[in-house]
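Letter by letter, the chains look like this.
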Amino acid sequence: MATEARKKEILKALYDGVVDFDEDKVVELSNAALAEDVDAYEAIMDGLAAGMEHVGELYANQEYFVPEVLMCSDALYAGLDILKPHVSGKEANVKGQVVIGTVEGDVHDIGKNLVKMMFDVAGFEVHDLGRDVKLENFVEEQMKTDSEIVALSALMTTSMLAMPKVIEMIKARNPDALIMVGGAPISQEVADNYGADGYAPNAANAVQEAIQMVSRLREMGKA
Amino acid sequence: MAEQPQPRQETMTSGERMGAILMRQRPDRIPFMPFIFGYCAKNVGYPIARVYDDAEKSFWAQMWTAEMFGYDGGAMYGYASIGGWEFGGDIKMPESEWEQAPIVSRFPAQTPEEVDALEIPDVETAGAYPIAIAFAKIQQQFGMPIMVMPFGTLTPAGNIVDVDNLCRWMMKKPDVVHKLIRKCTDFGKKTVDYFVEHFPNYPMMAFTGEATAANQIISPKQFEEFVLPYQKELQDYILARGIRNIFCHICGEQNLNLPYWAQMEYGDPGILSFGHEVDLSTAIEYFGDKHAIAGNVEPQVIQNGTNQQVYELCKACIEKAKMAPNGYLLMAGCEVPVQAPPYNLYVMKKAVMEYGFYD
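So the protein lines, in turn, are chains A and B.
Here this note's numbering is used: position 65 in the first sequence is 65, and no number is missing along the way.
If you count the second sequence from 1, you need to add 223 to reach this note's numbering.
No wet-lab data here; the hints were simulated from the structure.
Just so you know, even glycine gets a beta-carbon here, dropped at the ideal spot from N, CA and C.
Hints may contain errors.
Sample of chain B residues with no beta-carbon within 10 angstroms of chain A, all distances over it, derived [as the list claims (entries may be wrong)]:
1) I361
2) V386
3) Q445
In the PhoX-like style, the derived pairs of lysine-lysine whose C-alpha atoms are separated by at most 20 angstroms in a straight line are [as the list claims (entries may be wrong)]:
4) A/K25 x B/K395
5) A/K25 x A/K12
6) B/K538 x B/K573
7) B/K538 x B/K513
8) B/K315 x A/K134
9) A/K84 x A/K95
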């Protein structure tokens, strides 16, 4: 059993490992956390996820760019693979379910993958449909998984026009499903015009937005 | 209430106007080159794919649309997914109503070993080049300058291995990335050779640019390492082969890269176009003393905005950049979206006619 000081040391090292995109270090520390009985959920949330949150800030401040963030993401997933199977009990309950994908006509999925990763670390169950996703597939997946949220991504100005269509299709089948949109050409104004329930300018904000959306839904007793 | 300016009488043809820009002279008004491809096909009733897969239909769709809206600049052939198909992968032409341009459907290399094995393609048979060559012959037939399109060096690399791999290898295997970009640069130079040698002494411009180099993806430091030396080499080569002017599209958010773009040559003069993310005043500060500036009407607004919003945006661009020392062209910040309302394109011209004249 790790002492409080040792636990803090491990969590800090996991945090640093993600920020410094040191995959080997994260693997070593994740195994050490388990060996020394550090709670896996704590190791994920206060180590890996906290580190990734800082990476999000570094990206927003243009200190990190996509190549660095992808490396951080690799380090993060290396740790998650080791720690996640050991999360148990109440903490293992997912925060919510999200269907995510880049809309039909658009193959640009780097932004979508970053948002997916932030959902993963935040404890959501993510159903990733990939890129260039047929609109009806979003509808079917939402119905099949009963996900609270559908997250739509687009980089191209032409493919963003698929968003209001798919929002309409999903809402027609399940008016309680919450839709969030994002991507380079999307703004809050566009999201509002499209009838989306949520919008985030970047990956870190997407998760905050999703958590608030799910909370509102639960308060209304619809989830 | 401010008085609405009246449209003025043009005293130059489109060709004369563009010629004036390239001679560093003041035209009667700023040229209007919307930056438009797929829209033209749709506009004349063709599937969007025709602008990319059929040289003749592409040429005429562009010429007829230019005639209809009265904009300057004629027809050119090119696409941003260049590299994937040319190096042996597959491409998917736009089909659905949500698609605008070709996309790579199978990347020709996914591993460092496959990058090693890539051979510089034969221009005459590589991917879209047979179509580009047929297009150039039509331009020649009608006495129009040929636009040679080597485009970028990093963007084709991303189209060959997928941007995701490219980004990871920049961090983990930079030597593989250098090897790949070397091949893209050599292919770009080879395409320049082909056009210069097959259309000897014929007027030409080169179309270069970078999308994957945007700071939404890579850092200025990565630009300095992976883009600057290769793109500079390519552009120097274009000029050394006798092509006098380069049209360079600096796509997306590239503010942090501007000091590096400023280290490259673009000809005498070049035309540099910018996305809405780069302020036109900043662009003029960096490049205006040597080159003409083009841009940067936000495509999303052209597509989704009201005609009044588009008009105001164009007016603001014109007022900001009209007096650039080597000229200014009103242009979209990137390709005009195929679903843009025709009236929004019309009001772009209207803004040019009302605010774009020089006294």
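Here is what the structure says about each hint:
no.: 1; hint: I361; verdict: holds (26 angstroms)
no.: 2; hint: V386; verdict: violated (6 angstroms)
no.: 3; hint: Q445; verdict: violated (7 angstroms)
no.: 4; hint: A/K25 x B/K395; verdict: holds (16 angstroms)
no.: 5; hint: A/K25 x A/K12; verdict: holds (12 angstroms)
no.: 6; hint: B/K538 x B/K573; verdict: holds (10 angstroms)
no.: 7; hint: B/K538 x B/K513; verdict: violated (24 angstroms)
no.: 8; hint: B/K315 x A/K134; verdict: holds (15 angstroms)
no.: 9; hint: A/K84 x A/K95; verdict: holds (14 angstroms)
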